[in-house]
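Student: Chains as they are written, first to last, in the numbering used here: chain A, 1 to 288; chain B, 1 to 288.
Source of the hints: derived by calculation from the structure; they are not laboratory data.
Quick caveat, the model's predicted, so the values are computed rather than measured.
Where hints are given, some of them may not hold.
Pairs involving identical chains hold if they fit within one copy or between any two copies, as the list cannot separate such chains.
[What the hints assert, rightly or not] With a cut-off of at most 25 Å between alpha-carbon atoms, the simulated BS3-like pairs for lysine-lysine come out as follows:
1) K112 - K238
2) K15 - K136
3) K136 - K49
4) K242 - K90
5) K242 - K49
6) K260 - K105
7) K49 - K105
8) K192 - K143
9) K112 - K177
10) K238 - K49
11) K261 - K105
12) K260 - K177
13) K49 - K192
14) K233 - K143
15) K192 - K261
16) K233 - K105
17) K15 - K242
18) K233 - K260
19) K136 - K233
20) K233 - K49
21) K192 - K105
22) K177 - K238
Number of protein chains: 2
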Amino acid sequence: MPRIIDRLYAAVEDKGHVCLGLDTDLSYLPQDFSDSYISPREKIFHFNKRIIDATLDVAAVYKVQIAYYEALGIDGFLAYSQTLQYLRDKGAIVIADVKRGDIAKTAEMYAKAHLEGALEADFITVNPFMGMDTLKPFYPYLKTGDKGLFALVATSNPGAGDLQGITAADGESVSEKLGRMLEREGEQFLGKCGYSAIGAVVGCTNREQTLRIRQRLPRTFFLIPGYGAQGGKAEDMKDYFKNGNGGVVNSSRGILLAYKKPEFSGLPFDEAARAETIRMREEIKSAV
Amino acid sequence: MPRIIDRLYAAVEDKGHVCLGLDTDLSYLPQDFSDSYISPREKIFHFNKRIIDATLDVAAVYKVQIAYYEALGIDGFLAYSQTLQYLRDKGAIVIADVKRGDIAKTAEMYAKAHLEGALEADFITVNPFMGMDTLKPFYPYLKTGDKGLFALVATSNPGAGDLQGITAADGESVSEKLGRMLEREGEQFLGKCGYSAIGAVVGCTNREQTLRIRQRLPRTFFLIPGYGAQGGKAEDMKDYFKNGNGGVVNSSRGILLAYKKPEFSGLPFDEAARAETIRMREEIKSAV
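All chains, please: the whole structure from these sequences, using the hints.
Tutor: As structure tokens, this is what we get:
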């Protein structure tokens, strides 16, 4: 089996740059579909399953945002587990968007929770604010080649600059310094594609900063939020990838709720999700 | 009912400064105790229950580290929920050490997950790396007076300085700037005790930095990790509190595994935990 980062690279070559975000909230489900199931677990899982079945050949990777499931307690936990297992059974690549970050034995526990067992994912997102030592407990998993991380570097939210944008005396921002640290750590986990198993979450709402980070991080694969509604544009993407690969662009609500858009009216939610995924994929492809 | 920060302040007055960390790993349980239960859920919950029953009058607050429970899947989830409910039923104050941090609707979901429902805690820890806007979804809960946050500011691990210690051109570190932002946010949630419902996690392994942060954050209650094994000393604590209150000091393994220490040999694990909690409490009290 190829390394996970090489599998992700190949998936982008094959299917395009869309990372489909399963941030599934009960309120997103069409009423009649929702009414046809009893438990929140079933509603959410079967909605996800329909979306997944309709997009497997056009989405490079799926990102499952655990917060939406955590909010539903046990039922959410089961829907989350079932969704991850379904994705992996189908051969899809799964990023668990958990943004965990803690030290030593606590980080080991998070690794155990999310890189093996009932909630096993291929990649997880991590929050590196506590320092580089918080990543090390994940390295035994990365060494196998089967697992990877995406560490927050520069996010796309309005307050992202509060800490990430603090500029050191040498003129470099926190995000830039962090990016360089991660790039260095990643060197021990390089895939054949030239990217490492330690990816970075880099938003596309601040073009200049994203360019500075891409320049400093030639071997780091990007998970890019902020596309579309938040302001990120397709034409910027070619500068964030390298030779047309090296990043995936996330869309969650834009795809899950595509069935509410006028241009897809009349389509079932899964077909609308597929149509929107293809639209986004082509938009990025033609700009890249 | 008084505001939660006033309840915490009063608990410190009454019971001392110990925050008892229930980072319960199955390997910490005495073998014969562990063998007397079948499921991990029961083992962990009943261990916690015995520790809680033995320390309710000497620990100011309990901190439950969710990673240890998350690693056990559904069973861990149930043990975690049961532990939080038991603590709250007993009138104890509970900090859920979840270190979540995300934006907008995702942060709302984390609030829903951890400040209400089956996993309801009184305080949760949050990771503010993504910016101040990530805290706002918690504010409706803080406004009720019943809930509070502890935001990571300066942690006690070896790599804490990697990002938190980056110094801006004006000479202030990321932790110091972050602390000031939090202090400002907290002004809208002040309790009668003079502290706000937005507390800070400030380690005690870097004395100079902790003093600078305390000076900048007069209204911020501290949750202090790093005591004991990591190097934090009782005599430093008086400078981290103000007039003897304004902070709690965490100990997890030191208390849960006290039964393995020579000085408590022969004591059942819960009595050893009580003895160690009292020892630590007195050590801090006499230094303060």
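Student: Hint by hint, say whether it matches the structure.
Tutor: Right, here's what the structure says about each hint:
no.: 1; hint: K112 - K238; result: neither (36 Å within a copy, 38 Å between copies)
no.: 2; hint: K15 - K136; result: neither (32 Å within a copy, 37 Å between copies)
no.: 3; hint: K136 - K49; result: neither (34 Å within a copy, 33 Å between copies)
no.: 4; hint: K242 - K90; result: neither (29 Å within a copy, 58 Å between copies)
no.: 5; hint: K242 - K49; result: neither (32 Å within a copy, 55 Å between copies)
no.: 6; hint: K260 - K105; result: between (45 Å within a copy, 19 Å between copies)
no.: 7; hint: K49 - K105; result: between (35 Å within a copy, 22 Å between copies)
no.: 8; hint: K192 - K143; result: within (14 Å within a copy, 52 Å between copies)
no.: 9; hint: K112 - K177; result: neither (29 Å within a copy, 34 Å between copies)
no.: 10; hint: K238 - K49; result: neither (31 Å within a copy, 56 Å between copies)
no.: 11; hint: K261 - K105; result: between (46 Å within a copy, 20 Å between copies)
no.: 12; hint: K260 - K177; result: neither (41 Å within a copy, 43 Å between copies)
no.: 13; hint: K49 - K192; result: neither (32 Å within a copy, 51 Å between copies)
no.: 14; hint: K233 - K143; result: neither (35 Å within a copy, 38 Å between copies)
no.: 15; hint: K192 - K261; result: neither (40 Å within a copy, 50 Å between copies)
no.: 16; hint: K233 - K105; result: between (41 Å within a copy, 22 Å between copies)
no.: 17; hint: K15 - K242; result: within (17 Å within a copy, 59 Å between copies)
no.: 18; hint: K233 - K260; result: within (22 Å within a copy, 59 Å between copies)
no.: 19; hint: K136 - K233; result: neither (35 Å within a copy, 27 Å between copies)
no.: 20; hint: K233 - K49; result: neither (29 Å within a copy, 54 Å between copies)
no.: 21; hint: K192 - K105; result: neither (31 Å within a copy, 37 Å between copies)
no.: 22; hint: K177 - K238; result: within (23 Å within a copy, 35 Å between copies)
The structure fails to meet hints 1, 2, 3, 4, 5, 9, 10, 12, 13, 14, 15, 19, 20 and 21 from the earlier list, while all remaining hints are met.
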